[in-house]
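The lines below spell out each chain.
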Amino acid sequence: MGILRLGHVDVAVVDLDLAVAYYTEVMGMLEVERDDTSVYLKCWDEPDHHSLRLVYSPRMGIELMTFKVEHSDDLSDLENAVSRYGFPVSRVSKGESVGQGESIRFETPSGHVMELVHEVERVGRLNGLLNPRPFVDGLPGIAPPRMDHLLVTAEEVGEASAFYMDVLGFRLTEQLLDGDGHQVATWMERSHSPHDLAIVSGQNGGLHHFAFWLDDWDHVRRSADILAYNGIQIDVGPTRHGITRGNTIYFFDPLGTRNEVFTGGYRPDPDFPTITWTEDNIGKAVFYYEGELNDRFMKVHT
Amino acid sequence: MGLLRLSHVEIRVPDLELAVAYYTEVMGLFETGRDGDRVFLKCWDEHQHHSVVLTYAPVYGLGHVGWKVQYLEDLDHYQERLEAVGVLTKRLAAGEWGPGHGEALRFESPTGHLMELVHGMQQVGNLLPLTNPPPRPLNMVGVAPPRIDHVFLTAEDVGAATEFFSDVLGFHLTEQVLGDDGFQIATWLEVSHSSHDLALVTGPNGGLHHFAFWVDDWNDIRTAADILAYHGVRIETNPTRHGATRGHCLYFFDPAGHRNEVFTGGYWVDPDEPPVIWTEGEMGRALFYYDGVVNQRFLTVHS
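Quick note, the sequences are listed as chains A and B, same order.
All residue numbers for the first sequence refer to my numbering, where the first residue is 5 and numbers rise by one.
All residue numbers for the second sequence refer to my numbering, where the first residue is 16 and numbers rise by one.
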C-alpha cells in the first residue's frame with residue numbers, strides 16, 4: 005500500500021547521443037525505446053519499461069522523479085493527500101507518457117516535479133522467468149541490476165522532508181543536524197532500505213545524484229576499474245558512507261550529472277528508530293573512511 | 016499492513032549449553048535473555064529482543080516460527096482469516112510467552128508447523144548508538160551475521176501449503192520448481208520484497224529444512240566458511256550459488272543437527288511480479304547453480 009520504490013528519473017541532457025553512449029556502453033543499461041527527443045533505458049534486472057529517461061534539452065537538470073505505487077487506489081489516495089496539503093495535482097492519462105499508464109504529477113516543496121504511477125508497461129527481466137540464469141553475461145560496462153535511489157537538493161530540508169513523510173508516507177531513517185538542531189540532510193525510505201529518497205540543503209529543484217544498485221563491494225571495485233578505463237571523472241570513492249552504511253563511488257556522466265553506484269546498508273522495519281548525525285561528525289557521516297567532505301561533493305549539483 | 020518479515024525461530028535442543036556456545040561463539044549471536052530452559056538470542060543489527068530462541072527438549076527440531084506484523088490490528092485481521100479457513104488460533108499477551116516477547120497470535124499451519132504472528136516485541140536496539148554510529152561494531156566473535164533472513168520448511172503438499180500462505184497470510188510467490196506433472200515440488204514466497212522469507216519443499220509435514228542468516232556479501236560467505244571449518248562445524252556444501260533466488264549461500268549444521276545457512280544476494284521484487292518457474296529437469300541448477308545436480312542429502316535431511 006502506498007509508494008513502493010523509485011520508478012524512474014527523467015534527466016535533461018545537452019547531447020543525447022553522448023549521454024546514450026555513456027549510459028549504455030559504460031553504465032551498461034539497455035536502450036528500450038527512443039523518440040525524437042528522448043531515450044528510455046533500463047537496467048538488466050528491471051521488469052518495468054524504463055528507469056531512466058534522457059531528454060534532450062539545452063539545459064541540464066532533473067525534469068521528473070517518478071515513484072511506483074503498489075495499488076491503483078493509491079493514486080487517488082495520494083492525490084487527495086497532496087491536494088489537501090495545498091499543492092495542485094494533475095493527472096496524466098494513459099498513453100501520454102511512454103511505457104506507463106495513468107499517473108499523477110505535482111510539484112513538491114523542494115521544487116521538484118514528482119510523479120506517482122501504478123501501471124507500468126512490463127518488458128520483463130533480461131533473463132526471463134523460466135529457468136533463469138542468476139546473472140547476465142556479455143553486457144558491456146558496469147551493468148547494475150537496477151536503479152536504487154536519488155538525492156535532491158532543497159532550500160528548506162526540514163519542510164521538504166515533512167512533506168514527503170507526512171503527505172507521502174516516507175519514513176525517516178537518518179538525519180544530519182546542524183548545531184541548532186535543524187535538518188541539513190535527510191534520508192527517507194519506502195522500500196525497507198536505508199533510503200529511496202534523500203534531501204540535502206541546496207537550491208530548490210536540484211539533483212545531487214541518482215544511484216544504481218550493485219551486488220556487493222567486489223562489484224564496486226569492478227565498477228571503479230571500468231569507470232577509470234573509460235576516462236570517467238570520479239568524484240569520490242570507492243569508499244563507505246557512515247550514513248546508510250553503504251559502499252559507494254560517485255562520478256559524473258559526460259554531461260556533468262552525478263551518478264553513484266551503491267551497495268550494502270541495512271533493512272529497516274517501519275518502526276526503525278531514526279539515526280541522527282551531528283554536524284561535527286559530518287565528514288564521517290558522509291565519507292566514513294576519509295572523515296571529511298570535498299567541496300565539489302557539497303557544491304556541485306545539477 | 017500485514018506481515019513484515021521473519022521475526023524469530025524457536026528450535027528445540029537436547030544440550031542447551033552446547034547450543035548456546037555454538038550460536039554465540041561460532042555464529043556470533045548475542046544472548047539477550049534466559050528463563051528456565053530457554054535462551055533468547057539476537058543478531059547484532061537487529062533491534063528486537065530475539066530472533067533465535069533455544070529451548071531445552073530431549074528431541075531436536077522446530078519449536079515455532081514467528082512473523083513480525085506491522086500493526087497490532089493485524090493480529091485481529093489474521094485471526095479472523097485463519098479461523099475462517101478452520102485454523103485454530105490462540106492469543107498471547109505481551110511477555111506471556113517469554114521475556115521481551117510481543118503480543119502474539121499462535122496457530123498451527125496446515126503444514127503442521129507451529130507459527131505465530133507477533134507485534135510489539137521489546138526493542139533492545141542494535142549494537143550501535145543512534146547518534147553518529149559507526150557502520151558496524153568491532154570485535155564480534157564468529158560469523159556475526161547482521162540479521163536472520165528466512166526459513167525453509169518441509170510439507171507433504173507444497174501446492175496446498177503455498178496456497179494457504181498466499182491466500183490467508185498474504186505471501187507472494189516468487190519462484191517455484193514444477194514437476195513434469197505440473198505439481199509444485201518447491202516454492203519460494205516473500206512478504207518483504209526480497210527473493211524469499213519462507214520457502215517450502217516436499218517432505219514430511221512439520222519439518223524444518225533450515226533457517227538462514229543474512230550476511231553482507233560473497234566475501235562474508237567465504238569468511239563464514241573459514242570460521243565454521245575452524246570450529247569443526249559440519250559444513251554440507253561449499254560456498255555456492257542458488258539458481259532460485261540467485262543468492263550465494265553456505266549450508267552447515269548446528270551441534271543439535273539443525274541445518275543453518277548463511278545467505279546473501281537475491282533481488283528486490285515488486286508484489287505484482289510473476290513467479291519464476293524452474294522445470295524438474297533444471298531442479299539441480301535451481302538449488303545449486305554451479306553444481307547443477309540434485310543433491311539428495313540436501314533434499315532428504317531435515318529436522
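To be clear, the hints were calculated from the coordinates, so they are not data collected in a lab.
Where is the CB? At the ideal position from N, CA and C, for every residue including glycine.
Wrong hints could be hidden among the right ones.
[As the list claims (entries may be wrong)] With the Cβ distance kept under 10 Å, some of the chain B side facing chain A (calculated, not the full set):
1) H62
2) T104
3) R106
4) A109
5) G157
6) P161
7) E171
8) D172
9) E251
10) N253
11) P254
12) R256
13) A259
14) V291
[Said to hold, decoys possible] Over the 12 Å line for every Cβ pair with chain B, so calculated as not near, a few chain A residues:
15) E35
16) P51
17) V59
18) M64
19) K98
20) H122
21) L181
22) I238
23) H245
24) D275
25) F276
Closest CB of chain B to the CB of E35/A still more than 12 Å away: 22 Å, holds
Given hint N253/B near chain A, where the shortest CB pair must fall under 10 Å: With Cβ-Cβ at 16 Å, over 10 Å, it is violated.
Answer holds if the nearest beta-carbon of chain A is closer than 10 Å to that of R256/B; otherwise answer violated. 6 Å, holds
When you look at the beta carbon of K98/A, is every beta carbon of chain B farther off than 12 Å? Holds, since 17 Å exceeds 12 Å.
Does P254/B meet its interface restraint, that is, does its C-beta lie within less than 10 Å of any C-beta in chain A? 13 Å, violated
Minimum beta-carbon distance criterion (10 Å), D172/B to chain A: 24 Å, violated
Report holds if the minimum CB distance from M64/A to chain B is greater than 12 Å, and violated otherwise. Holds: least Cβ distance 29 Å, greater than 12 Å.
Assertion that H122/A lies outside the chain B interface [Cβ separation over 12 Å]: Given a closest Cβ separation of 9 Å, the condition is violated.
Taking the closest Cβ pair, is P161/B under 10 Å from chain A? 7 Å, holds
Does the closest beta carbon of chain A sit nearer than 10 Å to the beta carbon of R106/B? Because about 21 Å separates R106/B from the closest Cβ in chain A, which is outside the 10 Å limit, the hint is violated.
Claimed clearance of chain B by H245/A, with the beta carbon kept past 12 Å: 8 Å, violated
Given H62/B was flagged as interface, is its beta-carbon under 10 Å from a beta-carbon of chain A? Check passed: Cβ of H62/B comes within 7 Å of chain A, closer than 10 Å.
When each numbered hint is compared with the structure, violations occur for hints 2, 3, 4, 5, 7, 8, 9, 10, 11, 16, 20, 21, 23, 24 and 25.
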